[in-house]
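Visitor: Based on these hints, arrange chains B, C and D on the given structure of chain A.
Protein chains: 4
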Amino acid sequence: MADETGFTTMARRRASGAKAGSEIAPELGVGMLGYAFMGKAHSNAYKTLPYMIYPPPAMPRLAAICGRDAEAVAEAAQRYGYARYHTDWQALIDDQTVDLLDNGGPNHLHAAPSMAALQAGKHVICEKPLARNAGEARAMLEVARGSGAKHMVAFNYRFVPAIRLAWELIQGGALGQIYHFRAVYLQEWLMPHQGTAFTWRSDKARAGSGAVGDLGSHIVDLAHYLVGPIKSIAAASRIFLKDRPLDGQEATAEVDTDDAFASIVEFENGALGSLEATRFAAGRKNHQAIEINAERGSLRFNLERLNELQVYWAGEEPRTTRGFHNVLVSEPYHPWWEHWWPQGHLIGWEHTFVHELAHFLDCIVNDREVGPHGATFEDGYRAAVVCDAILESARLRKHVDIIIEP
Amino acid sequence: MADETGFTTMARRRASGAKAGSEIAPELGVGMLGYAFMGKAHSNAYKTLPYMIYPPPAMPRLAAICGRDAEAVAEAAQRYGYARYHTDWQALIDDQTVDLLDNGGPNHLHAAPSMAALQAGKHVICEKPLARNAGEARAMLEVARGSGAKHMVAFNYRFVPAIRLAWELIQGGALGQIYHFRAVYLQEWLMPHQGTAFTWRSDKARAGSGAVGDLGSHIVDLAHYLVGPIKSIAAASRIFLKDRPLDGQEATAEVDTDDAFASIVEFENGALGSLEATRFAAGRKNHQAIEINAERGSLRFNLERLNELQVYWAGEEPRTTRGFHNVLVSEPYHPWWEHWWPQGHLIGWEHTFVHELAHFLDCIVNDREVGPHGATFEDGYRAAVVCDAILESARLRKHVDIIIEP
Amino acid sequence: MADETGFTTMARRRASGAKAGSEIAPELGVGMLGYAFMGKAHSNAYKTLPYMIYPPPAMPRLAAICGRDAEAVAEAAQRYGYARYHTDWQALIDDQTVDLLDNGGPNHLHAAPSMAALQAGKHVICEKPLARNAGEARAMLEVARGSGAKHMVAFNYRFVPAIRLAWELIQGGALGQIYHFRAVYLQEWLMPHQGTAFTWRSDKARAGSGAVGDLGSHIVDLAHYLVGPIKSIAAASRIFLKDRPLDGQEATAEVDTDDAFASIVEFENGALGSLEATRFAAGRKNHQAIEINAERGSLRFNLERLNELQVYWAGEEPRTTRGFHNVLVSEPYHPWWEHWWPQGHLIGWEHTFVHELAHFLDCIVNDREVGPHGATFEDGYRAAVVCDAILESARLRKHVDIIIEP
Amino acid sequence: MADETGFTTMARRRASGAKAGSEIAPELGVGMLGYAFMGKAHSNAYKTLPYMIYPPPAMPRLAAICGRDAEAVAEAAQRYGYARYHTDWQALIDDQTVDLLDNGGPNHLHAAPSMAALQAGKHVICEKPLARNAGEARAMLEVARGSGAKHMVAFNYRFVPAIRLAWELIQGGALGQIYHFRAVYLQEWLMPHQGTAFTWRSDKARAGSGAVGDLGSHIVDLAHYLVGPIKSIAAASRIFLKDRPLDGQEATAEVDTDDAFASIVEFENGALGSLEATRFAAGRKNHQAIEINAERGSLRFNLERLNELQVYWAGEEPRTTRGFHNVLVSEPYHPWWEHWWPQGHLIGWEHTFVHELAHFLDCIVNDREVGPHGATFEDGYRAAVVCDAILESARLRKHVDIIIEP
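Protein chains in written order, with the working numbering: chain A, 1 to 406; chain B, 1 to 406; chain C, 1 to 406; chain D, 1 to 406.
Okay, chain A solo, but in the shape it has when bound (with noise of 0.2 Å):
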């Protein structure tokens, strides 16, 4: 199985007798744009894919980091080790230590900052969603397309060992014909009791969308890359809350984004789906939960626990207790787990990012494909017709066919 992990290629090439000291793996500049919950959690994953994903396919130079408030890039820059800081991004862009833009920004400084590093030759990983609409993410595509660098989008959860071995599964044919995909993404910060203040995500200018796009995005692209194609759409949403605190103050501002959808799909496939999402789920707190009943068996996954994937063959014979199997997937055998601990010593949500981003790395020293196994730009925008479909359901009450353009 981790044939499919391109690094993996030279860690089997390493224990064939390669020298690592020998080795002089590439360094690739990385200039952050953001420093708060995905600076973050991709800085740690630059830090740490060099050693634990041994030998790395690339050295990541962690060169720079740009963010507005001048105190706080300068605070993070020292703590993760950044070489310099920004204040600007597009000084961040021209920066020439920079080989790699990561855009970890809000959804409104997403297309910019990202395309203008394509232009500049720049590689570029995005957070998700890609952009705040279709067209918007469209016209991303665009530019990546006619750059020659290498596009991802941040969409992690492809990257958790659980969701790698479903893939397989279902890919390698194992689990036969899809009949049906069920998804939800779950959370609760946005409730009453949680006093939650008016920020950029329940703004549609600078949001695109509320659950759609923040959550939903994720479960659609998991539809895409683990099903395939989604061809129509029929959907609902709504916000519960219609005015939020702005921080600090007594005033409120008008919430314009959805809190919650509710939606069913048909793939093209003939398989038929839910997908879900909201942020008013009391006692949810990061839940999402899949499952993929199929012609030979069924598949189920929850990111609250995330080692562990449930399955179910249809065809295994009743006297050795069919049922469906916990397992825990921490074995060597299993995606990416050669470079982790023994069994059952489980991995967290942030080693999401160190797979992602090693594959990125690799894909960008290696002159690889990014897919299938990581989301591209055109990933990204397939997800962004979808999302937008959403709210288009939910605006005409009616079944919205999806329409992709090549």
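For chains that are exact copies, the list does not tell them apart, and a pair is met inside one copy or across any two.
Here are the simulated BS3-like pairs of lysine-lysine, each with C-alpha atoms no more than 25 Å apart in a straight line: (1) Lys231 / Lys242; (2) Lys204 / Lys242; (3) Lys398 / Lys231.
Because the hints were derived from the structure by calculation, they are not lab data. Computed from a prediction, not measured in an experiment: that's the story for all the values here.
Guide: The following block gives chains B, C and D in isolation, referenced to the frame of chain A:
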């Protein structure tokens, strides 16, 4: 909480001194239509309830059982202790020893016998779905309304203790505003590897619909019972296997009932929901799972672990270790449990019928309202309207409004 | 697998053409001692089995019930349909309509009535533990051996379908050599906050022991049934609350039975085990959990989810996604399930008695061996020797060898 | 709760205005003995903590790493970024750039290097078990006491957030009197089908013991940490497979360390416990499961789901739906979580070392007590006494009192 179950009033009176020996529980003659799956389940409940739900609201007398195959129905009569048997449902209704028709026949035999019985002044409990479609259900409701008899649809999952507890938490206001209702009902018995033969369930003329009526009607009814009226729906459905073998023959017949559907619903109270059912979910035996997310908490239920209810309270102090409570619904203070065993000594699926029929007997002999806990023919009709709308939305590819005739 | 359940042979004969109507199932008159918890559970089973385990091996006739309180026992007779009642157990045994004594009395009433019944040539099923100590159990065994009657101890958990399946996997050799047996039986009903009054269960003179005999005997018996003879034991025990209120009085009585014990056991076949039981485990309602680790796999069972068995196969190919299988033990090919419902339609705790008593009736009328599936008085005696050894080890503070008289 | 974690005081100071940029975190030179499993886990933690536990109590400088195989240790130095390497542990201790010895060597190399380092005035963190037996551990403790240096045993499970939360609930009095402590630590890697070769772990001369020291010492330490001193123990142990192949050879070597043990323990505070560990539990990868039953509630923990803690409150009002709470220990107010990710974004096994080493660095540079949260050499000695007693009880076949030299 037990106040909600009418017949416990009798248990309380008993506890306060009355002698059971001196009480004459009125007798009701039961006429059972059907002797297979539901005939067995209901007969078992009638035989069990007099001593388990003690003292019983009424003594069910097994008057007569009816089926087409004389030999089989004769054996069923002997097996369960029915005083006589009939092979013609009209004879069952004409039988003077029958006070109550229990209609456990196939869907196409729900309407005529039930209406005839009501017109003859007999009480009727009818298996779900009430009818093959909303029109037929409406006709049954009209007759029921005009009859003065008691009428009930056997939506037995309302009588799971954990579901009753959920109702109390919601309707008592503890959960506050409902944001989300999410229900799936997954089975696997029509999958290709099962080799299931063509039966009336795959034949639209007799069944009305497939997963929609058989499984979907259950979760539609629970949505109505727990959350309230559904306002609109959008759906898609599938027939995955077009032909099935006729039992014991080489020939096959064409399936024209749905194997599966997925839908999203909007409730009149603003809640957003999803409903999905299939008989093509490998590994899912009888998996009915419900989740409700509300202002002050969440609930989760799974029929394959029917003695448990998961409850989350958003307002619980963090230091009280806020998290989903796994409530083993088997304490003396839980619904119906005063009648059963010590805590943790689980009850099963069949006991839902004991509760349901005890309730119906109580309504009959004490002239109580069947609702809100028992589903009336009106509830059966409302569920049928939603079921029809599921198929209509799938056909028209648009959201369909639910219109309930008063 | 159903071949293991003797009475299914009849079901099979039936299926192959015999008419139920022409079969005369022999009748057996049941004399029930006790009308509380176990009287209710056993009476329910006798009433249910003739039509659920169909055709039944015998027709139990509820001949007589016996208890000290005339009014209460009269009501119980009426409630369950016993033809008459007695207030003196000798009268129950002398009753010519009684063929079979079902001894559901408190522990100190196990020996004398059971022995008297056996000496009168009546068959006896006695609740567990068989006796207050090994000496008393041995005396009962001697009488049973000399009687020619059938004798059984109501270790009902042997009759959980998942436990029977476990037995088949072990005894059929599928698991290979057993390394570990681990069982806990945890309840909470004697904890201080429960305010539980002093009853015969806290009185050594009447109960013999506390958690050891009540809960421990169950898991000792399952250890014997599933793994084989216990060779030695080391234990400690506790009385956490020394005084309990006498019911309805200010006075208290001193508890001299154990609230809890923990022990380690060595089996004759080399397996290592641990057995633990308590009534002081907050939140544990009726939590009997067993784990078996063996050469070729592992099994796990939890009585609070009694329809499930967890099975792991060490030799399963990794690529078949090796992991614990969660087997919902409710398929037609699972033990006893041909008699119940479609898969996933769960049965409950009470049904263990239906299986158990059907087995005992079958042994009586068809002169079959009660073992290995039914626990005989010999099994009851063996469990009593281990229970005595638990308390002896705790007192002597050393490992105690188990010595079974032949 | 975070007050319990010393270094958060710094985070708080930071939050209240101090500039990280102006703080000079003192540097400590780390000398690592061993480069395999534990060397990797500890090195990763040293590299991660400066930016994740931010601002860090001290900056670990990776001064030197030591191992016998020059080529391998050279590669490890390069991989993790150690400034130099040694092949002789004495050279590591003599290295002037080393302030702190991290002893991750095999058990027989715990005593001599640790004592030499302490005598050289260097701080020492030593992997568990502290020594091969209590005598050796006692000698280490004596040296540690005389040294003035900080000493710690890497019982890393004390640094799982859920375990820290459990400690707070117990030691803060919320649970009241402890009745039961139940811990198992189950693995499968020595089972016959694994074909595991003979290593130092199967050799008593080097390992001291098998499952007892490797797995048992962890749960003994958690028993001490969470409940208090153990007073006596009774145990049995097993070597299931007597001979193992020498790596790459046809010859085998005789195993003289235990594959498994089971024991019961009595605590000084009256609690009753059981401890069990094995490497022969098919399907159990790294299954450390703990249950505590106390006067006011219960706790449950499972290392294979390390972000969760199950909590039951006996005094919770029934109507608040009393039941085990499944607490996802990942909120900002949970131990250490202010340093990590948003709730539900799980951490893994490796992060216990980040917490542990941050604690140890804080103790060193701020001269804090290593206990009660860090395990000192005294704790390591106490665990060793219990481990010895397990094997002694198994040999003598009697309960053994635990005698701790002051």
